[in-house]
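What follows is the residue order along each chain.
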Amino acid sequence: MTAPPPPAELEPQETLSAEMAALRDAYEHTGVEETQPRLDYPPYRSSRLRHPTKDLHHADPEGVELWAPCFGERDIDPLEADLTIQDGGEPIGERTVVTGRVVDGEGRPVRRQLVEIWQANAGGRYIHKRDQHPAPLDPHFTGVGRCLTDDDGGYRFTTIKPGPYPWRNHRNAWRPAHIHFSLFGSEFTQRIVTQMYFPGDPLFGLDPIYQSILDPKARERLVAAYDHDVTQHEWATGYRWDIVLTGPHRTPAEQEDA
Amino acid sequence: MTRSATPGQTVGPFFHYALPYPGDRELVPPGTAGAVLLHGTVRDGDGAAIPDALLEIWQADPDGRVLQRAGSLRRDGFTFTGFGRAATDASGRYSFSTLVPGAVEGGLPFFAVTVFARGLLNRLFTRAYLPLADGAEPDALLRSAGDRAGTLLCVADDHGFRFDVHLQGDGETVFLSYPGHRGD
Ligand SMILES: [Fe+3]
Chain A
69 MTAPPPPAEL EPQETLSAEM AALRDAYEHT GVEETQPRLD YPPYRSSRLR
119 HPTKDLHHAD PEGVELWAPC FGERDIDPLE ADLTIQDGGE PIGERTVVTG
169 RVVDGEGRPV RRQLVEIWQA NAGGRYIHKR DQHPAPLDPH FTGVGRCLTD
219 DDGGYRFTTI KPGPYPWRNH RNAWRPAHIH FSLFGSEFTQ RIVTQMYFPG
269 DPLFGLDPIY QSILDPKARE RLVAAYDHDV TQHEWATGYR WDIVLTGPHR
319 TPAEQEDA
Chain B
32 MTRSATPGQT VGPFFHYALP YPGDRELVPP GTAGAVLLHG TVRDGDGAAI
82 PDALLEIWQA DPDGRVLQRA GSLRRDGFTF TGFGRAATDA SGRYSFSTLV
132 PGAVEGGLPF FAVTVFARGL LNRLFTRAYL PLADGAEPDA LLRSAGDRAG
182 TLLCVADDHG FRFDVHLQGD GETVFLSYPG HRGD
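Line order of the protein sequences matches chains A and B. Per this note's numbering, residue 69 is the first one in the first sequence, and the count goes up by one each step. Per this note's numbering, residue 32 is the first one in the second sequence, and the count goes up by one each step.
Keep in mind that the hints were calculated from the coordinates and are not lab data. Owing to the predicted nature of the structure, the values given are computational and were not obtained by experimental measurement. We put the beta carbon where it would ideally sit given N, CA and C, even for glycine. Heads up, some of the hints might be wrong.
From the derived model, a few chain A residues whose C-beta atoms are all more than 12 angstroms from chain B [to be verified]: (1) I160; (2) G173; (3) T226; (4) R259; (5) A286; (6) Q300; (7) L313.
Partial pick of chain A residues on the chain B-facing surface, computed with a CB cut under 8 angstroms [claimed, not checked]: (8) T83; (9) E87; (10) Y109; (11) L124; (12) G140; (13) P177; (14) L290; (15) V291; (16) Y294; (17) D295.
Lysine to any residue pairs mimicking SDA-like chemistry, simulated, CA-CA at most 25 angstroms apart [what the hints assert, rightly or not]: (18) A:K197 - B:S122; (19) A:K122 - B:G76; (20) A:K122 - B:L161; (21) A:K122 - B:R179; (22) A:K122 - B:G200.
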């Protein structure tokens, strides 16, 4: 198999890199800290018609927004936290443990709450039917996992380290290896979907999705740390990644009632 | 001390085999007594339908009670949990089979809504209010939304309620920011 020729109409990486550098420079001169991704970030081409042009409207959470959906043992099979045993055979790639804690803005654990992940396989291919990357599918890997946090807010998945994959944002565009995470807090306003990255990825500087977070310290919060204490003898490498949710808005007394 | 929140990232194009699940959009089985459809289309700044968006709703029960019941992922057909999830189809449409939310603690009844999509770098929050009952006054949020308040209101139809989402452009939906969301 040979590499497919790039479509001529796609812009080169240099164009995108120059745009991202200009946005970084402009940001550094504002002096305002932006710790969440910009919704209007033109280098991510698909965002052009999909970002609100009006400012988000300030709202104080009320009623149902002060509570989150509740998930329990009946919602999840504990085996769903191990992505290496799902399809009757061993998936190919670097077996790895990803673990950490989910806490709120006050550092309190988010207990008994749902964590969902999805990812590409070791070759950088999703089982999704729209993934056209000509890398092999792994018959023993779906790349989907779920778990509930424990009483300390802890989560833990055993998986295969995903590969980077190409996308059509521009010519020779590659996403840094990542795992998609979906998280709930104890309030609806804490809902978040994000991506966890692996340390030292050479693609960070080239990737518009990662670079859409303009504050460098905030970006780095998406990068897991290699942890030799999580690594298991002759079995799996280990990474630690903690997640901090916004809020809470409910008072501690209301929390006790929950 | 308040910690800095982890940044969000786009849900991307490949969530369909991971986030949707059987029964995700059926908070009650269709045909249940009192079941209504909450449905609509998600559109971009050109008015084009978005076939790779995902909506979640979280709501009170018809008596205005906020429930803390497990079972949203493995529905048993009779426990109402108040949570639902629906990906848009090829024509950008979504729908939920659910019950009409009641008013919580004297507020106006609404569905809390989150929107995710490829091309959308972070999730968006909004409210889908029930049409205002006769004599009902708009609440603080609807008043502050001014002439855009209509984007927060469901429209009653034969099936239940229609609530269209416009990420950008004409009729752009009012999206919400809660305290602490911008790192403030
Ligand atoms: Fe991805």
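Evaluated hints:
no., hint, in the structure
1, I160, "holds (19 angstroms)"
2, G173, "violated (5 angstroms)"
3, T226, "holds (17 angstroms)"
4, R259, "violated (5 angstroms)"
5, A286, "violated (5 angstroms)"
6, Q300, "holds (25 angstroms)"
7, L313, "violated (6 angstroms)"
8, T83, "violated (19 angstroms)"
9, E87, "violated (15 angstroms)"
10, Y109, "holds (6 angstroms)"
11, L124, "holds (4 angstroms)"
12, G140, "holds (3 angstroms)"
13, P177, "violated (13 angstroms)"
14, L290, "holds (6 angstroms)"
15, V291, "violated (11 angstroms)"
16, Y294, "violated (19 angstroms)"
17, D295, "violated (18 angstroms)"
18, A:K197 - B:S122, "holds (18 angstroms)"
19, A:K122 - B:G76, "holds (12 angstroms)"
20, A:K122 - B:L161, "holds (23 angstroms)"
21, A:K122 - B:R179, "holds (11 angstroms)"
22, A:K122 - B:G200, "holds (9 angstroms)"
Comparing the model with each earlier hint shows violations of hints 2, 4, 5, 7, 8, 9, 13, 15, 16 and 17; every other hint is respected.
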